[in-house]
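Trainee: Residue strings, one per chain:
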Amino acid sequence: MWVIVRLTAREVQRRKLLWMALALGFVFVTLFAVGFHCVHQELISQVGMGRSELQIFVNFFLTAGLYVINFLSVMMAVLTSVGTVSGEIDSHTIQSLATKPVRRWEILLGKWTAYAGMLAIYMACLGGGLFLVVHLIADYTPQNWLGTIGFLTLEGWVILAVTFLGGTFLSTLTNGVLAFMLYGIAFVGGWVEQIGSLMQSEAAVNIGIVTSLLLPSEALWRRAAHLMQPALIRSLPSNPFGTASVPSPAMVVYAGLYIVVLLAVGLWVFGRRDL
Amino acid sequence: MTNVIETHHLRKEYGEKVAVADLTLQIERGEVFGFLGPNGAGKTTVVKMLLGLAAPTAGSAQVLGRPLGDTAIRARIGFLPEHFRFHEWLQAAEFLDLHGQLLGLTAGQRAKRIPQLLNLVELADAAGRRLSTFSKGMLQRIGLAQALLPDPDLVILDEPTSGLDPLGRRLVRDVINQLKVAGTAVFLNSHLLSEVEVTCDRVAFIKEGRIIRTARLGALVEGVTEVVIQVGRVTPELLDGLRRWSSDLRVDGRRITMTIQDEEILPLLSQWVVDQGAGLYALSPQQISLEELFVRVVEGQE
Ligand SMILES: Nc1ncnc2c1ncn2[C@@H]1O[C@H](COP(=O)(O)OP(=O)(O)OP(=O)(O)O)[C@@H](O)[C@H]1O
Ligand SMILES: [Mg+2]
Chain A
3 MWVIVRLTAR EVQRRKLLWM ALALGFVFVT LFAVGFHCVH QELISQVGMG RSELQIFVNF
63 FLTAGLYVIN FLSVMMAVLT SVGTVSGEID SHTIQSLATK PVRRWEILLG KWTAYAGMLA
123 IYMACLGGGL FLVVHLIADY TPQNWLGTIG FLTLEGWVIL AVTFLGGTFL STLTNGVLAF
183 MLYGIAFVGG WVEQIGSLMQ SEAAVNIGIV TSLLLPSEAL WRRAAHLMQP ALIRSLPSNP
243 FGTASVPSPA MVVYAGLYIV VLLAVGLWVF GRRDL
Chain B
-2 MTNVIETHHL RKEYGEKVAV ADLTLQIERG EVFGFLGPNG AGKTTVVKML LGLAAPTAGS
58 AQVLGRPLGD TAIRARIGFL PEHFRFHEWL QAAEFLDLHG QLLGLTAGQR AKRIPQLLNL
118 VELADAAGRR LSTFSKGMLQ RIGLAQALLP DPDLVILDEP TSGLDPLGRR LVRDVINQLK
178 VAGTAVFLNS HLLSEVEVTC DRVAFIKEGR IIRTARLGAL VEGVTEVVIQ VGRVTPELLD
238 GLRRWSSDLR VDGRRITMTI QDEEILPLLS QWVVDQGAGL YALSPQQISL EELFVRVVEG
298 QE
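Line by line, the protein sequences are chains A and B. Each residue of the first sequence is one higher than the one before, counting from 3 in the working numbering. Each residue of the second sequence is one higher than the one before, counting from -2 in the working numbering.
Okay, chain A solo, but in the shape it has when bound (with noise of 0.2 Å):
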């Protein structure tokens, strides 16, 4: 199995995806740091401006940024893997390995290993490289910040257990609709959860309870933000990336079965098909 993962992570390498990830990745981050240093000068020469109430502004500001990289993490999941197991059944590079004395497991093991490690550095690297911004410019380490990291890691994972599943018996191409589909299904869901727990509608929490099942990834964004938010935050009232329906810690461990099935489902078709 470790061939397999070598095999992929020298592919990723060599396809140069990870280097322009990362190489994104680190745009964004600097533009973020400028802008949160701009912000940040402007928030302290004001007067009156209290400790505590610079500290929202900072996490406010924090969350803002995890966001996107809780988005760009999702598109790197879902695009760099969507055809790693569909597209060599298709080019029929697959036939070459699968004659090769490996069982099947270990081949879509291996590979799911392989992309889960590259989306764990992927999410250290971008993370770390924001803490690492605030830190250094507001001199602020908001609680648990590992914690979130790992949070969105997991995220990740979550969705490249869909991504390989599909792979297993469908098209590439179907199978990148149908993961982006699921994420904009769970992102609506969330956002219902969210306004429904505000305007206390138990109706509309339900729904994003249950999509919240269907694909437990915005429910592990709103944990991981919700994580590292101090009591103050999170007793606002309103707050576009608030978590004021925060998702029980049964949920993290529904995700982590989540990715479990999904893949032990996907071994099971990859073991019988016919390539």
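These are calculated hints, taken from the structure and not from any lab test. This one's a predicted model, so the numbers in the text were calculated from it and none came from an experiment. Ideal Cβ placement from N, Cα and C applies to all residues, glycine included. One or more of the hints may lead you astray.
These stretches of chain A come out as covered by chain B in the derived footprint (C-beta under 8 Å, 3 or more residues) [unchecked claim]:
id	stretch
1	11 to 18
2	89 to 98
3	158 to 169
In silico contact screen, one side only, chain B against chain A (beta carbon under 7 Å); selected entries [unchecked claim]:
id	residue
4	N36
5	L50
6	A51
7	L65
8	A72
9	F76
10	P78
11	R82
12	F83
13	H84
14	W86
15	L95
16	Q98
17	L99
18	L100
On the provided structure of chain A, position chain B with the ligands as indicated by the hints.
Mentor: Just chain B with the ligands, lined up with the frame of chain A:
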């Protein structure tokens, strides 16, 4: 274990379509076996089942003494797929190295074998080039090297010469002969009958998913012989009598051409013609080419 491949009533359906109907086949250790048949006959499907790429709908098979689906045994099988496409972002030597790792070869074995194989397929100069820059024939050569990498007991080649120049074809022929000398069994799917004729020990003809004929190849295609008989007088009784030995009989003046299944009947045949008093001027067995046989078998003239 004397058979490298043994199949029992192997069958494969793709939905409604029956790709392989009923295939029972034995291939011996060290044998070079040609698998022939028209397009769509099911040759590639058989290969895919033997290598575990496609699961049979019914029937069973053993490869190198192990049932289908045994992955460990694949370390001793070399395979060149029909649609040979490889990861083209790899360099040639790197490609062989990775496949060597997949086969479980040690670093030492790989370092020794890869340069040898690159030399063999005449790609030593292109070792550092990416496969994406390779031509079709070059890809086929590197694919052949990949098939030989494990130092296999069985090599399965699905149309190995389809993209090769005459030199490349000769290379494949030489490689197969070397494998034969080394006692490696070769399963060869090919449409190039002239090559099959010089390399294979035995051939099977498959049509619509069934083996319709197997024949051993020697100087002459075993079993089928054509005889041309020249007589003084052709009578209906004579022709009727000859039909006992052959259903395929053509008369052209005083020349009768007929196919027989067994050379052993030739003495009997000539004796009978002489006894008829027809005047036997000549009786000459003709060598029949594989291509001729292919056309007859596949078009169902037999
Ligand atoms: N994946 C598939 N789905 C449906 N039908 C298939 C599939 N693969 C092969 N077939 C059908 O099975 C039959 C046998 O195909 P196969 O590829 O084994 O032929 P072949 O003998 O290798 O032909 P060729 O000489 O053209 O390579 C064909 O009729 C083909 O259409
Ligand atoms: Mg074929």
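Trainee: Each of the hints needs a verdict: does it hold here or not?
Mentor: Now the hints, each set against the structure:
1. A count of 4 residues in the stretch 11 to 18 of chain A with a Cβ less than 8 Å from any Cβ of chain B is obtained; the coverage claim is therefore met, three being the minimum.
2. For the stretch 89 to 98 of chain A, the assignment as covered by chain B holds, since 5 residues bring a beta-carbon within under 8 Å of that chain's beta-carbons and 3 suffice.
3. Counting residues of the stretch 158 to 169 of chain A whose C-beta sits closer than 8 Å to any C-beta of chain B gives 0, which falls short of three, so the coverage hint is violated.
4. At its closest, the beta carbon of N36/B sits 18 Å from a beta carbon of chain A; the interface hint therefore is violated under the 7 Å criterion.
5. Residue-level restraint check for L50/B holds (minimum Cβ-Cβ distance to chain A is 5 Å; threshold 7 Å).
6. Checking A51/B against chain A: minimum C-beta separation of about 4 Å stays under 7 Å; hint holds.
7. Checking L65/B against chain A by beta carbon gives a least distance of about 12 Å; that is not within 7 Å, so the hint is violated.
8. Interface hint status for A72/B: upheld, as the beta-carbon distance to the closest one in chain A is roughly 4 Å, under 7 Å.
9. Evaluation of the F76/B hint against chain A yields a held restraint, the C-beta minimum of about 5 Å falling below 7 Å.
10. Of the supplied interface hints, the one on P78/B holds, with its beta-carbon coming within about 4 Å of a beta-carbon of chain A, less than 7 Å.
11. Hint status for R82/B relative to chain A: holds, with the closest Cβ pair at about 5 Å, below 7 Å.
12. Against a cut-off of 7 Å between C-beta atoms, the interface hint on F83/B holds, since the closest Cβ of chain A lies about 6 Å away.
13. Restraint check, H84/B versus chain A: the minimum CB separation of about 6 Å is within 7 Å; hint holds.
14. Proximity of W86/B to chain A holds as hinted, the smallest CB-CB distance being about 4 Å (cut-off 7 Å).
15. A distance limit of 7 Å between C-beta atoms decides the matter here; for L95/B the minimum to chain A is near 6 Å, and the interface restraint holds.
16. Among the interface hints, the one on Q98/B holds; its C-beta lies about 5 Å from the nearest C-beta in chain A, closer than the 7 Å criterion.
17. The restraint placing L99/B at the interface with chain A holds, with a minimum CB-CB distance near 4 Å, inside the 7 Å limit.
18. Interface restraint check for L100/B: the shortest CB-CB distance to chain A comes to about 6 Å, inside 7 Å, so the restraint holds.
Going through the hint list in order, the structure does not satisfy hints 3, 4 and 7.
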